[in-house]
Amino acid sequence: MSAAVNRLDGGEVSAETAPPVYLPSQLDQLERYRQWATTPLKVDPVLSVVIPAYNETQRILPTIGAVVSHVCSLEPSWELIISDDGSSDGTRRIVRELGLVNLKVIETPTNTGKGGAVRRGVQAARGEFILFADADQATPIEQLELLLGPVKTGEADIAVGSRRAGGADVRGRSLGRRILSDGLRRLVKLGFGLSHGDTQCGFKLFSRDAAERLFAVQRIDGFSFDLELLYIASRLGLRVVDVPVRWFDSPGSTVNGGRDTLLFLVDLGRIRLNEALGRYRDPGHCRRNREGT
Amino acid sequence: MHLEIQSERNGSGGSVVVAGRFDAHESEPVLTSLTALLADGVLTIGLDLSRVDFIDSTGLAVLTRVMKRARESGGDLVLVAPSTPVRVILELTALDKAFVVSEVGPDIAVGH
Numbered sequence: 051m052s053a054a055v056n057r058l059d060g061g062e063v064s065a066e067t068a069p070p071v072y073l074p075s076q077l078d079q080l081e082r083y084r085q086w087a088t089t090p091l092k093v094d095p096v097l098s099v100v101i102p103a104y105n106e107t108q109r110i111l112p113t114i115g116a117v118v119s120h121v122c123s124l125e126p127s128w129e130l131i132i133s134d135d136g137s138s139d140g141t142r143r144i145v146r147e148l149g150l151v152n153l154k155v156i157e158t159p160t161n162t163g164k165g166g167a168v169r170r171g172v173q174a175a176r177g178e179f180i181l182f183a184d185a186d187q188a189t190p191i192e193q194l195e196l197l198l199g200p201v202k203t204g205e206a207d208i209a210v211g212s213r214r215a216g217g218a219d220v221r222g223r224s225l226g227r228r229i230l231s232d233g234l235r236r237l238v239k240l241g242f243g244l245s246h247g248d249t250q251c252g253f254k255l256f257s258r259d260a261a262e263r264l265f266a267v268q269r270i271d272g273f274s275f276d277l278e279l280l281y282i283a284s285r286l287g288l289r290v291v292d293v294p295v296r297w298f299d300s301p302g303s304t305v306n307g308g309r310d311t312l313l314f315l316v317d318l319g320r321i322r323l324n325e326a327l328g329r330y331r332d333p334g335h336c337r338r339n340r341e342g343t
Numbered sequence: 024m025h026l027e028i029q030s031e032r033n034g035s036g037g038s039v040v041v042a043g044r045f046d047a048h049e050s051e052p053v054l055t056s057l058t059a060l061l062a063d064g065v066l067t068i069g070l071d072l073s074r075v076d077f078i079d080s081t082g083l084a085v086l087t088r089v090m091k092r093a094r095e096s097g098g099d100l101v102l103v104a105p106s107t108p109v110r111v112i113l114e115l116t117a118l119d120k121a122f123v124v125s126e127v128g129p130d131i132a133v134g135h
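Top to bottom, those sequences are chains A and B. As numbered in my numbering, residues 51 to 343 make up the first sequence, in order. As numbered in my numbering, residues 24 to 135 make up the second sequence, in order.
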């Protein structure tokens, strides 16, 4: 037992009298966070982090805390976008009340689904690189560097967090979810020729160009939007790399096996239909044709 | 990393070291460990959070519950050397004003 804890036994220190104490190694990190929190960026950021949120009052503040403390230690020029998807529980209010100047809240009056929330958030992003990450921190933000590397070096246009790639560390995933996921993965491979081990992990990073091209034509508002994105990416010839990540099952997940499987199957049909109707044509390609270049 | 917990009693004080991800899956063993010390007559507990990389709302609720219970008995729950993510999370949730934070922690270590 250290003297410090014994000293506290006497109850001489109270919340009112004790100032916060910081270790020297933390001062720089905290200073970076405070600067980011209070000084608006003057130029477009290097990185945008987009978090879709629907009724997340319980989870959003710890997630924001983890994200800002980590990303501020990595990259001073970045913005955080919370894309609220018509929450009715005060999520927007508590996020706005934080008063972080480089945190932007995107809102919509109705709940559209995760795909819609991510699309609106990414389209509002100004970063050279754009990450979308789930609000539950199931994939810890510390995995960001793993995805940023291949996109930053130009090796890939999109880096996809994967729970199935070799080296992934998955904790607490239920047997039901594993079976469901395996079944859907086989279906995706069969129906769309996509060989990604994990299309649904809520941790994906895009170059700005890739994000603009993808989200200009991406249409599905529900949770199958991940698959749609990867399908469009393959149609546009974008380079996608699967990156093994750590993943923790998060309590409070809104995934419903039966309902979501049915919706997923319906969305597979919609993706095929959109493809047949030419809705996934490269907007850059169309623009270049119109401009005669 | 799953949460690792180590606790120790010394006189009327106690110390608990936790390391890893302090979320809803892991909050129960922490609560059990802390309340066991209080039930054993410990007044003030030093909780070392220097190696906690994430704490969610359930983890925060555990801290608040134990802190209140300790203060009712004339003691306290002291947060020792919280990591930067934990400090920022406490600040954003305004809980930094509710807890006593100390820089020096218990002399036991987890994972060595």
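In case anyone wonders, no lab produced these hints; they're calculated from the structure. Remember, it's a predicted structure, so these values are computed and weren't measured experimentally. Watch out, some of these pointers could steer you wrong.
To be verified - Straight-line distance between alpha carbons at most 20 Å, and here's what the computed EDC-like set of lysine to aspartate or glutamate pairs gives:
1. A/K202 / A/E81
2. B/K120 / A/E147
3. B/K120 / A/E125
4. B/K91 / B/D63
5. A/K202 / A/E178
6. A/K239 / A/E325
Quick rundown of the hints versus the structure:
Only pairs whose Cα atoms come within 20 Å are accepted, and A/K202 paired with A/E81 is rejected, the gap being roughly 26 Å. A hinted pair counts as satisfied when its Cα atoms are at most 20 Å apart, and B/K120 with A/E147 qualifies at roughly 17 Å. Of the pairs offered as hints, the one joining B/K120 and A/E125 is violated, with about 28 Å between alpha carbons and a cut-off of 20 Å exceeded. Proposed proximity of B/K91 and B/D63 is supported: the alpha carbons are some 17 Å apart, at most 20 Å.
Under the criterion of a C-alpha separation no larger than 20 Å, the hint pairing A/K202 with A/E178 is consistent with the structure, at around 9 Å. With a C-alpha separation of about 17 Å, the suggested pair A/K239 and A/E325 falls inside the 20 Å cut-off, and the hint holds.
Of the numbered hints given earlier, the model fails hints 1, 3; all others are met.
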